[in-house]
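Spelled out from the first residue to the last, the chains are:
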Amino acid sequence: MIEQLPEGKSIGWMQAPPQWIFTHTVRFVGVVRIVIQDGEGFILIRKGVPLAYYFKHGRIELKGHSALDYFNSHPTIEFNLCKYTPEEFAQALKICHIDEQVAEAVPEEPRPGPAERILSPSPASTPAATPPAPAREPAPVVMQLAVKRPVPGPAAIPTEPVMQDEEPPVVPQVPQVSPEVMLDADDIKIIGQIKKLNGIVAISVFSDDRNIILMGDVEIEPLLKIAREMLATTAKITPRLDWGTFVHMTLQIPEGNVIIAPYRDYHLCLLTTRTINIGHIRRILRDLQQNGGPQ
Amino acid sequence: MLKEILNKFLIIKDVQAAVVIEENGEVIESIKSGIVIDKNLGDVISTVMLDSKDTAVHFGNATLSMVFLEYSENFLILGPITEEFFLVIIAKNTANIGQITYEMKKNQDAIVSYL
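Residue numbers (our numbering), protein chains in the order written: chain W, 609 to 903; chain V, 56 to 170.
Derived by calculation from the structure, the hints in this document are not laboratory data.
Everything numeric in this text was worked out from a predicted model, so none of it was measured.
Be aware that a few hints might be false.
[What the hints assert, rightly or not] From the structure, some residues in chain W lie toward chain V, with a derived Cβ separation under 8 Å:
1) Gln645
2) Asp646
3) Leu839
4) Val855
5) Leu859
6) Glu863
7) His888
8) Arg890
[Said to hold, decoys possible] Some chain W residues well away from chain V (every beta-carbon gap over 10 Å; in silico):
9) His673
10) Asp795
11) Glu837
Where a beta carbon is used, it is the ideal one built from N, C-alpha and C, also for glycine.
With the hints as extra help, turn the sequences into a complete structure.
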């Protein structure tokens, strides 16, 4: 089914809690392509309303509620937001066997949501047949991805192997996105644009207590640890300097740069290669802070 | 003399200060224009220096190459000269950062020879 869906226009890959998808797609029409370990799936969304959930791992398919439960069993998932044109969306509805009129009439609730009704669970997704391996995994996705995909550039970001030996949680807790976390499609587009620049390894928007978005194949926790330490440094010195508002702090090591900067009510963290043009980054950060995005 | 080398930074447009500082916060030599290097600024530099060294350890004990801290009016560039000594440049944000970092690299050995 995934292969049949229209490609759409990719806004960018990111990592976030599954709930983030529902709270940040109110103006989005398209498909959210999800990758978890070796499996892949999608959520078809029209303006914040999920219309279909699907996940496939090997020969096992999860549809509707079962697929959603599987997504929700991960603290964070990696996904790609792909925007659809009306024609592409109509085609996707057809592929998912969703009646357009039914899709129009569905209530705006991510859960239990229309997806459950439209894509009723197949025999393969009944609890007895739910695959044990993908449904309960021993470590958070971020850690596993890091094993599969070494960080390009600043590879020295240490791993925290402690998670590898932990018992798998019986009922994994899904972090809730706090109501004040508000990034819209424009934010995501801007962040995606920055990620595409030469030399940007990863970009994250984070708050004081959590990662909001990550684009790039890196382990988020070690990166955020560094970013938060840098923030703590700026918090100590900024009140003592009469130099205007804080623009950014860049820490350069032989492997690359870590840059932190304020971004709306949050903070931005960029991991770059050493060869990146710092002048270019400065301009982007200034544009972001003054005009809301790269010009 | 160390001051003569530091003066090479001060003649760059909009550079306000060049400071050689020890890890413990003691200013070894400084040259400035239109800025006061008081205890407060010394403490700020020292905080950036020590915190950044600690943070760099999270990159698998990486050595710190440079720290760049920018505000809307001024910026500060801090680069290690030796294990315990740092060169700090303070400038208005209109200064040419490429020229400053080039001079920092170019004059590093000369500064070390005076320490």
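### Task
Kindly indicate which numbered hints from before are broken by the structure, ordering the numbers from low to high.
Of the numbered hints, 1, 2, 3, 7, 11 do not hold.
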